[in-house]
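Undergrad: Using the sequences provided together with the hints, build the complete structure.
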Amino acid sequence: MGRTLTVIHALGLMLVVFSIAYVMPVITALIYNDTAVVLDFLLAMVWTASFGGMMWLVTRRYKGELSIRHGYLLVVAMWTAMPAVATLPLLLVIPDLSFTDAYFETMSGLTTTGATVLTGLDVLPPAINIWRHELNWLGGMGIIVLAVAILPLLGIGGRQLFRAETPGPMKDSALTPRITETARNLWLVYVAITLACIASLKLAGMDWLDSICHAFAAMGLGGFSTHDASVGFFNSPAIEAVLMVFMLLAAMNFATHFMVLRARSLRPYRMDAEGLASVGLILISCLVIAGFLWWQGTYSSFWTGLRHASFNLVSLATDCGFASVDFNQWPIFAPLWMLFLSCITASSGSTGGGIKMIRTLVLIKQAGREFVKLLHPAAVNPMKISGHVIPNSVVFSVLGFIFLYFMSVVTLTFALLISGLDFISSFSAIIACINNAGPGLGMVGPAGNYGVLTDFQTWVCTAAMLIGRLEIFTVLILFTPQFWRR
Amino acid sequence: MEKLDQSAVNEGNTVKILILGAGQVGSTVAESLVSEANDITVVDSDSAKLAILQERLDLRTLTGNASHPSVLEQAGIADTDMLLAVTQSDEVNMVACKLAASLYNTPTRIARIRSVDFLARPELFNKDNFCVDFSICPEQILTDYICKLIEFPEALQVLRFSQNKASLVAVRAFEGGPLVGKPLSILHDNMPHIDTRVAAIFRKNSPLIPEGSTVVEDGDEIFFIAATDNIRSVLKEMRRMDKPTRRVMIVGGGNIGRRLAKALERDYQVKLIEYNKKACEKLAAELTNTLILNGDGTDEKLMQQENVGEVDVFCALTNDDENNIMSALLAKQGGARKVIALINRSAYVDLVQGGKIDIALSPAHVTIGSLLAYVRQGDVAAVHSLRRGAAEALELIVHGDRKSSKVVGRRIDEIDLPKGATIGALVRGDDVIMGHHDMIIEAEDHVIVFVINKAMVKKVEKLFQVNIGFF
Chain H
1 MGRTLTVIHA
11 LGLMLVVFSI
21 AYVMPVITAL
31 IYNDTAVVLD
41 FLLAMVWTAS
51 FGGMMWLVTR
61 RYKGELSIRH
71 GYLLVVAMWT
81 AMPAVATLPL
91 LLVIPDLSFT
101 DAYFETMSGL
111 TTTGATVLTG
121 LDVLPPAINI
131 WRHELNWLGG
141 MGIIVLAVAI
151 LPLLGIGGRQ
161 LFRAETPGPM
171 KDSALTPRIT
181 ETARNLWLVY
191 VAITLACIAS
201 LKLAGMDWLD
211 SICHAFAAMG
221 LGGFSTHDAS
231 VGFFNSPAIE
241 AVLMVFMLLA
251 AMNFATHFMV
261 LRARSLRPYR
271 MDAEGLASVG
281 LILISCLVIA
291 GFLWWQGTYS
301 SFWTGLRHAS
311 FNLVSLATDC
321 GFASVDFNQW
331 PIFAPLWMLF
341 LSCITASSGS
351 TGGGIKMIRT
361 LVLIKQAGRE
371 FVKLLHPAAV
381 NPMKISGHVI
391 PNSVVFSVLG
401 FIFLYFMSVV
411 TLTFALLISG
421 LDFISSFSAI
431 IACINNAGPG
441 LGMVGPAGNY
451 GVLTDFQTWV
461 CTAAMLIGRL
471 EIFTVLILFT
481 PQFWRR
Chain Y
1 MEKLDQSAVN
11 EGNTVKILIL
21 GAGQVGSTVA
31 ESLVSEANDI
41 TVVDSDSAKL
51 AILQERLDLR
61 TLTGNASHPS
71 VLEQAGIADT
81 DMLLAVTQSD
91 EVNMVACKLA
101 ASLYNTPTRI
111 ARIRSVDFLA
121 RPELFNKDNF
131 CVDFSICPEQ
141 ILTDYICKLI
151 EFPEALQVLR
161 FSQNKASLVA
171 VRAFEGGPLV
181 GKPLSILHDN
191 MPHIDTRVAA
201 IFRKNSPLIP
211 EGSTVVEDGD
221 EIFFIAATDN
231 IRSVLKEMRR
241 MDKPTRRVMI
251 VGGGNIGRRL
261 AKALERDYQV
271 KLIEYNKKAC
281 EKLAAELTNT
291 LILNGDGTDE
301 KLMQQENVGE
311 VDVFCALTND
321 DENNIMSALL
331 AKQGGARKVI
341 ALINRSAYVD
351 LVQGGKIDIA
361 LSPAHVTIGS
371 LLAYVRQGDV
381 AAVHSLRRGA
391 AEALELIVHG
401 DRKSSKVVGR
411 RIDEIDLPKG
421 ATIGALVRGD
431 DVIMGHHDMI
441 IEAEDHVIVF
451 VINKAMVKKV
461 EKLFQVNIGF
471 F
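Chains as they are written, first to last, in this note's numbering: chain H, 1 to 486; chain Y, 1 to 471.
None of the hints are false.
Under the rule of at most 35 angstroms between Cα atoms (straight-line distance), these lysine-lysine pairs were calculated in the DSBU-like manner:
no., chain 1, residue 1, chain 2, residue 2
1, H, Lys384, Y, Lys148
2, H, Lys373, Y, Lys277
3, Y, Lys301, H, Lys373
4, Y, Lys148, H, Lys373
5, Y, Lys332, Y, Lys278
6, Y, Lys419, Y, Lys406
Examples of chain Y residues lying across from chain H (beta carbon under 10 angstroms, computed):
no., residue
7, Lys271
8, Ile273
9, Leu283
10, Ala285
11, Thr288
12, Asn294
13, Gly295
To be clear, the hints were calculated from the coordinates, so they are not data collected in a lab.
All of these numbers come straight from a predicted model, not from anything done at the bench.
Idealized CB from N, CA, C, for every residue including glycine.
TA: Here it is in structure tokens:
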């Protein structure tokens, strides 16, 4: 019990820190002279800070070091409690919003999913839009540190892979010896790229509010938009191009970006097997889908097809979730392929979700090893990625991860099917949520919205987002009896 | 290649040489140098190894740590002409060279350096740092040698001279080959544009002096010299060409096997069999394109399973002579086209060479040449040991003028070479010129001399030395 209270103590502190995030929407509301909204946000801020402060004060006797076991609990608690308090301004400003929908919205924000239940985004107060996008951005920030600094310590699903002493791009030079230092460096990179993105979007023709919002959503790979028509609203190839570049950057390992900046050379990109595989796969897929759409006659010109195919494909494959056209109307091969890519293309240590490219590479190589083993029974053939040997234990935990991932998809899809949703909508909604991508197909497609779901269905999708974001094991381990046994 | 300071090596006097390390390299070098009448001291920490050496050879031994000044002093480093640091440890060798240079002023210091990490930073060896005049890596020399044999599967030996501009190649003539039963002059008739020269022919292990009218017989070992670019065309005239090498199988993943696999894996399909599971894993981590197999190199089932019959070149490179011979024989039996066995004991080499095993490699003879070049008198750029040490090919650099030298400004047939020594070719600048009798030798030519009997080497060197008074 004592340790659980220690977790609550830490969580309280987190919430107090989190309440600082309300400053940004408050400033926005002040700029737009929206006094009512200012008061709502200030109220939410006070509530959050005092709630967190109280948790912190009451449990201050239990302040102490956390064990790895309680690390899981803290991570899950953070990712459930922060969306909960983040609903406050939404509930205050939008009167007829239910808590279920508000929680879905903030969870979608903080897990950088980008699925929304709200309509009429264009007429929402700017402060609310800033708040939603800020959640995207903060979620991305949290996930980078989680992925690069914390999950490796817990060793989830082969995450040891990404530890500094093992292979991949990080091997070249352990980033920095200490987690806090690593986190700070990665955040600096994240902030720097975000600023570049805001400036580029402004130059491409957005106004300041839209640039900031879309830059936040692109860097977090969240995919919230300030318009119901998403990026399609702007109908500008320049904006689409800028967003594509930054989505691809955000879908790469931030540790690689950090090393590129530090070494002032592009060599780390060339060494990043994961990033290269992702970019290659996306490039080929863009050409194939564009050709397919042209052949099917969806678009009369190949180039229009290429423009729409590449923007929407990059957006979905990187788990961002912007849309520029209603790809739900495309022949089913195209959107399903895009959803498939969303499962595998994001890199570890990026803000994207899903299985991650590194795990896909491990599995592909494992399949190759099996073939070699059949042909040459005496062969000694260790798994190597970027020239470094991956121990078998890592391969097993990757296999375990993939199994749980597919079981989660199947189980949650069935849960939606039981509740009466059609197959394509159920399946695509779960895939889109568990990969933190955003729009699915059918009823939850880019033209539709998660608002049509019943409360039960909304909660199922909320759970899928959380499970996917925290790499499945972290959440499910809390439901094993062993976890609670001393 | 830079040449060491000859002033310390007085003519007529014996050279004092200190060898550190009595391992395989150390003892072969010692054996080779003792036969050339030098004063040798060998230092090693293992007295058992030294006792064996002492029994066989006329030299002095000393037990102790080769990197300690007191040991070096006792070994007489103060008046040593040349230090050969060839222990197992790169670090000991480097430190010994440094000590020799800064404490005792030893004129020439040669170290065996194996680690690529060190070799990649040549500045480590200059006189401000470790003071290593020459570094040698026997494993690398051996690997290069085997690579050449794989590149030219028809050849028994391929030796490079003058930065690989000219090569000396040994081939065996087989019944049915284009040359057998015909005089040598046919070579020139068939390829008027390509200049080559047959330096020697060994028939049933005894040498012949080749002339234009010499008729080649089945089983003859022919040594010819040509510009390196022309080797393939000349080989084509000598023997029917086999199909080029594609599949290579190596047994033994030690220092040599590993280096060889690494050098070959880009261009050939390489399979490497290694007995030790741990070593296999290390190899697999280092090599990218080689198939590593864990098993016994003499396990015929494993060989069948891995299709030894389709293998073009099979190399048995473990450090066990008997195993190498057996697995090479098994591979030949199984259908491998060409088999090479690494054999340390010279008695075995003579036993198996030319039998079922195509090439019996003696690491000592392959690598000793690079050391001998430093020890020899006169300006010797390269020495290659041939026919298990019986014959030798030398690359000598000619200095002086018509007065001070016995060779400069003279036609080749005017030079008083001992019988059995022939000038195969000379390299002048970038040109490779064959040693025809009317060729006139100029100063700074690199002359490649083929000596069929090692006893003549001293005479040849003397002939090429500049007379005292020239300086």
